[in-house]
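As numbered in our numbering, the sequence shown has no gaps in its residue numbers, which increase by one up to the final residue, 93.
To be clear, the hints were calculated from the coordinates, so they are not data collected in a lab.
Ideal Cβ placement from N, Cα and C applies to all residues, glycine included.
Watch out, some of these pointers could steer you wrong.
Stated by the list, open to error - Per label pair, the in silico range of CB-to-CB distance:
(1) Gly72 with Ala47: 18 to 28 Å
(2) Thr75 with Gln22: 20 to 30 Å
(3) Thr20 with Leu85: 20 to 30 Å
(4) Gly30 with Lys66: 24 to 34 Å
(5) Ala92 with His11: 19 to 29 Å
What the hints assert, rightly or not - Below, in silico cross-link-like pairs of lysine to aspartate or glutamate (DMTMM-like), each with a Cα-Cα straight-line distance of 20 Å or less:
(6) Lys44 with Asp78
(7) Lys66 with Asp78
(8) Lys16 with Asp40
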Amino acid sequence: ADIARHFGIPKSVVTEQIALRVSQGLVTTAQAPEDRRQKNLAFSDRGRALNARLGAAFEQKFDQLLGRFTASDLRFCTELLNELAGAR
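All chains should be built: construct the whole structure from the sequences, respecting the hints.
Pasting the structure below:
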């Protein structure tokens, strides 16, 4: 329920996705000691390895995209995004 609430998606979707990731061997679950209704989630070894590969690929692509902009462009965008975030 915490994940669903945080991301604003139905609990059934979260439950389905967690079950899928567990069946793929990417995530493990364990009963939360403080509340039997909750489960603690963790990456499995396979999940950590995949996360590292995806993270590296994302960083490489992100660097390629940002490489097209000057430092001044990036400062302007950062300031604009900070202002927009603060305007909520």
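Now the hints, each set against the structure:
1. Gly72 with Ala47: 18 to 28 Å: violated, 35 Å
2. Thr75 with Gln22: 20 to 30 Å: Violated, since Thr75 and Gln22 (Cβ atoms, about 39 Å apart) do not stay within the stated range.
3. Thr20 with Leu85: 20 to 30 Å: Since the Cβ atoms of Thr20 and Leu85 sit about 38 Å apart, the hinted range of 20 to 30 Å is violated.
4. Gly30 with Lys66: 24 to 34 Å: Once the Cβ atoms are compared, 26 Å apart, the range 24 to 34 Å for Lys66 and Gly30 holds.
5. Ala92 with His11: 19 to 29 Å: holds, 22 Å
6. Lys44 with Asp78: At roughly 44 Å apart (the allowed maximum being 20 Å), Asp78 and Lys44 break the hint.
7. Lys66 with Asp78: The hint holds at about 18 Å.
8. Lys16 with Asp40: Holds: Lys16 and Asp40 sit about 18 Å apart, inside 20 Å.
Checked against the numbered hints listed earlier, the structure breaks hints 1, 2, 3 and 6; every other hint is satisfied.
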